[in-house]
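J.: From first to last, the protein sequence lines are chains S and Y.
Under our numbering, think of the first position of the first sequence as 968, with each following residue one higher.
Under our numbering, think of the first position of the second sequence as 6, with each following residue one higher.
Worth flagging that the hints you see were computed from the coordinates, not collected in a lab.
Only true hints are included.
Okay, the calculated bits of chain S under chain Y, using three or more residues with CB under 8 angstroms as the criterion:
hint, region
1, 1161 to 1167
2, 1237 to 1244
3, 1285 to 1293
Calculated lysine-lysine pairs in the BS3-like style (CA-CA distance at most 30 angstroms, straight line):
hint, chain 1, residue 1, chain 2, residue 2
4, Y, Lys-211, S, Lys-1170
5, S, Lys-1170, Y, Lys-92
6, Y, Lys-152, Y, Lys-39
The structure presented is a predicted model; accordingly, all values stated were derived computationally and were not measured.
Idealized CB from N, CA, C, for every residue including glycine.
Below are the chains, spelled out letter by letter.
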Amino acid sequence: MTTADFLIKNGQLPDGTKADICITDGLITSLGKEFKGAMTTTIDATDCIVLPGLVDLHTHLREPGREDAETVLSGSRAGAKGGYTAVSAMANTSPVADTAGVVEQVYRLGQEAGLLDVFPIGAVTQGLKGETLSEIGAMADSVARVRVFSDDGHCVSDPLVMRRALEYIKKFGGVIAQHAQDPRMTVGSQMNEGEISARLGLKGWPAVAEEAIIARDVLLADHVKSRLHICHLTTAGGVEIIRWAKARGIDVTAEVTPHHLLLTDDLASSYDPVFKVNPPLRTEADVVALREALADGTIDIVATDHAPHPTEAKECEWQEAAFGMLGLETALSIVQKTMVDSGLLSWSQVADRMSITPARIGGYQDHGQSLVVGSNAHLAIINPHQTWRVDRDLVQSKSSNTPYHGYELPGVITHTFYKGKPTVVNGVVTSGGGL
Amino acid sequence: MRHLLSIADLDKTEAISILDTAHELARVSEGAVKKLPTLRGRTIVNLFAEDSTRTRISFEAAAKRLSADVINFSAKGSSVSKGESLKDTAMTLQAMGADAVVIRHFASGAAQRLADSQWMSGSVVNAGDGTHEHPSQALLDAFTIRKHLGMGGSDLTGLNIAIVGDVLHSRVARSNVLLLSMLGAHVTLVAPPTLIPVGIESWPVKVSYDFDSVIPHVDVIMMLRVQQERMSDLFFPNTREYSRYFGLNADRMGNMKSGAIVMHPGPMNRGLEISAEVADSSRSVITEQVTNGVSVRMAILYVLLAGGALEVGSN
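Isolated chain S (complex conformation):
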């Protein structure tokens, strides 16, 4: 007679088959029909989908420096609540994550929080200034084993700096995640440049400022034969460039955020800065192109760009407000709403776009594993038949800048398992550090 720590009964695997899943010592130890044996805890997953734990390649945890907006712990709680078992902490903290010391601190804080793995992203350039390379090698060799480097929030706009960074990371198989935004074309920009910005008198952020950098960087990546990842793609034109680059065999991947799959620039008409985000919300035509590209694999993954800000950073005039919106707790629901319920993605493709492929891009070998016997028990269980109402006052994040306040969204995450231990039980986040 076998024993198990947890039995997840009667859930549906991403491929559509029903199975009982046993978890023992952090691993999936059996998978199949009607498990018979002793177990400590049984979870009824009837009507639910069991996904590999979600992996976010683009998260702002704000610690160190802006613990008033988010901490590694509060961000970990938000991630767990959203079904994540790994997040990638962006480098634009204070101090910037441009040394081994800072990335090791963030990594350690993640381990202490114990709700998911926090993988720090290293800055490409010192202080995100775009001038000189940061200590990329030291960060790669540190305990945090950094493989993804990004100046996110800023574009690595100097083509020579970008070329050198792309070359340098080949030493250890890293990747540069580019925030594609030509800085000269977007000085003071507030929202997508187009019909709505013209009417509202808000300074435009033209699509071409994103597309020009993507075009340049895929050519650079091709030239030096390195690996490029494009953060938060937002434009139909950007999709076309990525499609072209992939057809040429260029080693490029791209992400889209949940909010760019759903929201459009007309929301700025309220002048409510909760809709102010960088890159900005675009047009309906862009949203359609992004959804199609995520479905056909031109866009590889969904990444949240979870960007917490304190109340006062949003409770002001649009142009004075900070860019960014929360994402971790709503991402899977938004993907279900925009991609699954519309028939564009299957649940197995959701597992690919939100777990397997982001883990592969980030080099997170312990994550993004298919659900087979012997895999790490990082799991997210979602009931796609239930809905929930987003309430900004009830989020796990320390901040409340969700653009979905009041939305009724499909898909309730009932459980999250990290290293075989539940971090979310019946929708409630456990205290941290496992059970």
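Let chain S serve as the given structure and place chain Y on it in line with the hints.
T.: Leaving out everything else, chain Y in the frame of chain S:
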């Protein structure tokens, strides 16, 4: 109507009723006793987070002629520049019992933020927000045009109006495009292509880059102020070249239709977008715009705070 944030808040009937009310109130202003008791005991705050002496004194005169108490809150050099938020400023005004706030602000949408928030309960009048709108200016412009060229009608049907200059950054242009076209006028925007917003296709206007071809066909030429610092943002090579193609000078004025008028919201850059001969010519109605501004702003405050338009013909 509780607030005036954008011309888009008005329908044609409401816009005409404000103009008609202004017409009635102008008659009061022409009398020996310029004051009406309508808003006695009401408090109106002029919240100016951006310098604009002419708009502020125009609203101040309007409020005082309606017997309201006026508080001028110049946020420049006061708390906003010291880092007080719009929210705190609004809550301060609420605590002081402001019945209406007339707000001029450097940020587009600031007036709407104030009106949509729960920070204060009074009426909000947008006196110019960033590069968004300046509805009271458009109303006074329409009032002035109607007075000169309206031929007794209530609207501006059939008139051809050119708005010339920095449309991209102009709140005056945005409000006027909405209002003048709603009142039946045909609006042509004239500017170098750099100063026409991307996305203008949905506006109810024609666009021309050739001022000279437009001049003989229009009844009104409304010049916009061009700020010198636009040069450094590469919108045009220099002021000389701007003037050569888009400045209204005596030669160009000579090609205007008989009876056509020249307008400018002020302050003017004489010698840049408008020459002194034109500004001081008999076609210029620029100082009259200022006079009409007081009547129109009285009408706006009257409609918002006294609960409806003044009946035409009443005293």
